[in-house]
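Visitor: Residues per chain are reported as follows:
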Amino acid sequence: MTKEYPKLPPEAFKHVHMDGSQTEKISKPSLNFWQDAWLRIRKNKAAVVSIFVLTFIVLMSLVGPMISPHDFETQEITHANLPPKVPGLEKIGIFDGTGKMGGKEINLYEMKNVDTYYWFGTDGLGRDMFSRVWKGTQISLLIALIAAVIDMVIGVAYGGISAYYGGRVDDAMQRVVEILYGIPTLVVVILMILVMDPGIMAIIIAISITGWIGMSRIVRGQVLKYKNQEFVLAARTLGASNGRIIKKHLLPNVMAIIIINTMFTIPSAIFFEAFLSFIGLGLQSPNASLGTLINDGYRLIQFQPHILAIPAAILSLLMIAFNLIGDGLRDALDPKMKD
Amino acid sequence: MAKYVFKRVIYMILTLFLIASFTFSLMKMLPGSPISTSSKLTPNQLAAVEAKYGLDKPLPVQYGIYMKNMVKLDFGTSFQFKEASVTELIINRAGPSFILGIQALILGTIGGIILGMIAALRQNTAWDYGSTLIAIFGISIPSFVFASLLQYWIGVKGGFLPVGLWENGWKSSILPTIALAMGPLATSARFIRTEMIEVLGTDYITLAKAKGASGIEIAFKHAFRNALIPLITVMGPLAAGLVTGSLVVEQIFAIPGIGEQFVKAINVSDYSVIMGTTMFFSVLLILVIFIVDILYGIVDPRIRLAGGNKQ
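The listed protein sequences derive, respectively, from chains E and P.
Numbering-wise, the first sequence is residues 1 to 339 according to the UniProt record's numbering.
Numbering-wise, the second sequence is residues 1 to 311 according to the UniProt record's numbering.
The following block holds chain E by itself, in its conformation from the complex:
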């Protein structure tokens, strides 16, 4: 296989001088941790969609209770059990306030002489479901967020100290963890809830009381891996203090895994809150969380399916979004995948 190349005149070639000062120049702008992560997570469509869904739900949970003309705890018995009715959509035949009564399809709004709109309908006590659902979402998210932060702080501190100081400290701290790790979460959560006054605080404490153990184990493993590597050794030789080594050299390396793990703690906290509320150990009325709303809705499932359907859908969407973002972050932040 010979190929004809056009003859080039010698003038076409030019000497390039190597410039020693240029070899070390970094041509691309250096990306920090977050820019790097964002570049990669952007490619993951599921995660991007989830970020939008999550942002939407979070925004709605904040403004939702305010934009509805009805508040979340006022009971209007005459407006009880109304199906959803949305201005605009009613004209195309959905969410127009018709529901079954005695086996017949009738417009319940006309029958009960209600002239306002309940976008998500009302519950059995005539409370506006729209405000209640978003208020409930807000509380569920709040519980999950606080529980996740507590888990993170305790877990990172415990695991970090245990691994960094090592030796006898590590031994003692790990014996405690090994015993605690054996206790099933469910058992602890239920027992804790039983002794405390029901409420947001009780649920948060119950969820975080053993929740930090998983995080502490992961952080310990990571710190153990890094603390004897050359860069830490070099920093120590140069006289860096313990605090500086932890802050500047260990934490940034462990950060990715802490964030990923927190992203998975949040949905599991949301789940536990909903679970507790469902078996009757959660918040007390008129406060609402997604779990209590689902519990209320479940009792009326045969007659008023919308009371169950809406909070259940939002809870599921939230869980899916968090899990997908967690997956995306894991792929984006995992240093092993770095290309």
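If you're looking for bench data, these hints aren't it; they were derived computationally from the structure.
Each residue gets a CB set at the ideal place from its N, CA and C atoms; glycine is no exception.
Errors might be hidden in some of the hints.
[To be verified] Here are the computed lysine-lysine pairs in the DSSO-like style, where the Cα-Cα straight-line distance is at most 30 Å: (1) P:Lys57 <-> P:Lys211; (2) P:Lys7 <-> E:Lys227; (3) E:Lys225 <-> P:Lys7; (4) P:Lys3 <-> E:Lys225; (5) E:Lys25 <-> E:Lys248; (6) P:Lys264 <-> P:Lys72; (7) P:Lys211 <-> P:Lys221; (8) E:Lys3 <-> E:Lys25; (9) P:Lys3 <-> P:Lys57.
[Stated by the list, open to error] Residues on chain P that point at chain E, a partial pick, calculated with CB under 7 Å: (10) Ile19; (11) Asn267; (12) Leu285; (13) Ile286.
We have chain E; now place chain P onto it with these hints.
Guide: Quick look at chain P alone, frame taken from chain E:
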């Protein structure tokens, strides 16, 4: 190995001891007692009732008796059902729960393995996305939401399977089993997918391909068996998930199982049933994790159990 098993047994006993003490102290701290609501009792009667249940003795003595009885598997008598011992109550209720749990575990893992295998072998196709979607749904949608949907759409609207209770034999176990199986199904599907993809990229698979083994042979004989081993490690969390799920699923389908009884006991503060069931769940889950760890060492000789901390 013997040393490792011994160490683990010691930890198991310590953990159980801790749970038992924890349960005891929590129960003593609980507001209200089952007798306090029956206000019609005269002080004498109250004292008699307290004496009958041993509530009049000083706390350390109560604790001692409690621990001694626990070793003998005697969790006292239920306040709710007269004269029924907690152990008896749990044993009577164990049947449906175990059937559901085992069925869900089998259905979930086998279904999950199939889904995961399809996803891994047809990576980045519609098959893969479909099964990943099912897995994400299974992990994300709480069992009680899924259970109520199943009950409503198949039981009530469809009407071809029992809506609840435990009276139609095997048929009544179908819906709750499916509801419970979603968790294990999703978890094992994702797990098998990751493991399979990893195994399929190894050198010995390339070698098997090079020597001319067929696709099916590679998938099942070479890859699958190695991908399956790590699945054992998730069995512990799966069992824990099943117990959690059983509380709500049994409640929703009104199944006379341990979970349903537990929830009922919580709502009427029936201390001894709560304590007994708590201990029962703890022992069950701790045993499962123990067996899983031992099994893992036996099945996969590459893992050295004595090596200490695993991730």
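Visitor: Determine for every hint whether it applies to the structure shown.
Guide: To see whether the hints hold, each was checked on the structure:
no.	hint	verdict
1	P:Lys57 <-> P:Lys211	violated, 77 Å
2	P:Lys7 <-> E:Lys227	holds, 28 Å
3	E:Lys225 <-> P:Lys7	holds, 25 Å
4	P:Lys3 <-> E:Lys225	holds, 26 Å
5	E:Lys25 <-> E:Lys248	holds, 24 Å
6	P:Lys264 <-> P:Lys72	holds, 25 Å
7	P:Lys211 <-> P:Lys221	holds, 14 Å
8	E:Lys3 <-> E:Lys25	violated, 38 Å
9	P:Lys3 <-> P:Lys57	violated, 42 Å
10	Ile19	holds, 6 Å
11	Asn267	holds, 6 Å
12	Leu285	holds, 5 Å
13	Ile286	holds, 5 Å
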